[in-house]
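K.L.:
All chains, please: the whole structure from these sequences, using the hints.
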Amino acid sequence: MYGDEILMAYVDGELDAKLRAEIAAAVEIDPALASRVEHHRALRDKVAGAFAKVLSEPVPDRLARAARGAAAESAAGRGNVLQFPARAARAPAAPWRAREWAAMAASLFLGALISWRLLVPGDGAPLVAGEDALLAHGELARALDTQLASEQRGEEPVLIGLTFKAHDGNYCRSFVLRATKTAGLACRVGPEWQVPVTDSSAIPAGDMQQASSVVAPAILRAIEARGIGAALDADAEKSAQLSGWKTP
Amino acid sequence: MTSTSEEIGERIVELLPRLRRFARSLSRNQHDADDLVQSGVERAWRHLGQFKPGANLASWMFGIMKNAWIDNLRTRRRRGEVALPEDSGEHPAVSPVDSSMELWSVSEAMSKLPEEQRLAIALVLVEGLSYQEAAEVLEIPLGTLTSRLARGRTALATALAGNGNPP
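Protein chains in written order, with the working numbering: chain A, 1 to 248; chain B, 249 to 415.
Quick caveat, the hints were computed from the structure, so don't treat them as lab data. For every residue, glycine included, the Cβ atom is placed at its ideal position computed from N, Cα and C. Don't take each hint at face value.
Using C-beta positions, here's what the derived DEER-type ranges look like [to be verified]:
{"hint": "1", "chain 1": "A", "residue 1": "Pro31", "chain 2": "B", "residue 2": "Arg326", "range": "45 to 55 Å"}
{"hint": "2", "chain 1": "A", "residue 1": "Arg65", "chain 2": "B", "residue 2": "Leu305", "range": "11 to 21 Å"}
{"hint": "3", "chain 1": "A", "residue 1": "Arg20", "chain 2": "B", "residue 2": "Leu321", "range": "32 to 42 Å"}
{"hint": "4", "chain 1": "A", "residue 1": "Ala52", "chain 2": "B", "residue 2": "Leu305", "range": "37 to 47 Å"}
{"hint": "5", "chain 1": "B", "residue 1": "Glu254", "chain 2": "A", "residue 2": "Asp61", "range": "27 to 37 Å"}
{"hint": "6", "chain 1": "A", "residue 1": "Ala24", "chain 2": "B", "residue 2": "Pro265", "range": "44 to 54 Å"}
{"hint": "7", "chain 1": "B", "residue 1": "Lys300", "chain 2": "A", "residue 2": "Arg41", "range": "46 to 56 Å"}
Stretch by stretch, here's where chain B covers chain A in the computed footprint (C-beta under 8 Å, at least three residues) [what the hints assert, rightly or not]:
{"hint": "8", "region": "5–17"}
{"hint": "9", "region": "38–45"}
{"hint": "10", "region": "52–59"}
P.N.:
Written as structure tokens, this is what we have:
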């Protein structure tokens, strides 16, 4: 007696030669079994057949253009780099709270999203308010400086995703903070990593390593606004890191 | 763009009919399906550095589209858009008038499956991937794949029989 899963695997061509031959022989002498196999085969043929005609439909032009990388090229050509307004928060002696408010206002003004809870002042905070941008701090800054996506084991507190060169020439890296399940984008400006956007909404539960390669929509839009298409491969990432993230 | 990216781009162009078929088996709405292909292809370009030369490009693209599709569903669900009952007749992908009854009835039956079963059916029955390949695309164990496939098939057979279209 064969179960349905075996018979499905049989019509899917997934059984080894021995079991396959066994079932083929059994079908010959058992009409009930033959009709169950036929049922599974008919369903498979029906489903496959129903969608087969999509293959012969003309492919819309927009898809062919996208497949040839049109979006990547036009992103490179658009030149609409987001910039923090110069000195939006000029108040060097202001208390922390005011500076945080100003940086927050600047990023909200730009449509960027920052998770408030990341901005708790203190040594452990991943973000601190700089003069006119939020800056990576502590563990996050160290990971952005030194960690290579290609060498991650997946257990690091900060996971690095994509690294690419923005069309203003600076390197940007996407990251995921494990503890707060927050994704973000950091771009190197001088000696600092500015963080224009974070997103805590789109991290799936489960595999964080995977989360770092699946970039959240808000982060993707920020990358799109800056990016030139393909991310750096492992070698390019390493040499960028060795150069201290300075671009020629 | 390097010639390698261009080569991959051309290979993706060749895959488009299959990517469209995969998308159509996930979404009854033809425009949604093509939007899914487009966002998958655009994601692929952004992640091109992660494609390992020699790996199966079709499987890689299916995986990216699967992620795009799930993200999209999640976003729409958050906005409450997916609350539309699938059988409300809203934006049908195809109608019996402009396409075959068969595509219509199978799309209809597929749209009633839970997402995870629909993905398994789409990859194995529609796209013809092996169990191993499909499990890798979906990032699930082989046993999970075969049980989703089995449950999906049973539900499909019932739905198709109920539509007066015995399989």
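K.L.:
Each of the hints needs a verdict: does it hold here or not?
P.N.:
A quick look at each hint next to the structure:
The given range of 45 to 55 Å is respected by Pro31(A) and Arg326(B), whose C-beta atoms sit roughly 52 Å from each other. Here the CB-CB span from Arg65(A) to Leu305(B) is close to 18 Å, well matched to the stated 11 to 21 Å. In this structure the hint that Arg20(A) and Leu321(B) lie 32 to 42 Å apart at CB holds, the actual value being about 37 Å. The beta-carbon spacing between Ala52(A) and Leu305(B), approximately 21 Å, falls outside the hinted interval of 37 to 47 Å.
In this structure the hint that Glu254(B) and Asp61(A) lie 27 to 37 Å apart at CB is violated, the actual value being about 18 Å. Restraint check, Ala24(A) to Pro265(B): a C-beta distance of roughly 33 Å breaks the suggested window 44 to 54 Å. Between Lys300(B) and Arg41(A) the beta carbon distance is about 36 Å. The supplied range of 46 to 56 Å is therefore violated. For the region 5–17 of chain A, the assignment as covered by chain B holds, since 5 residues bring a beta-carbon within under 8 Å of that chain's beta-carbons and 3 suffice.
Under the rule that three or more residues need a Cβ within less than 8 Å of chain B, the assignment of the region 38–45 of chain A holds, with 5 such residues. Figure legend: the region 52–59 of chain A, annotated as covered by chain B; annotation consistent (7 residues with Cβ-Cβ distances under 8 Å, at least 3 required).
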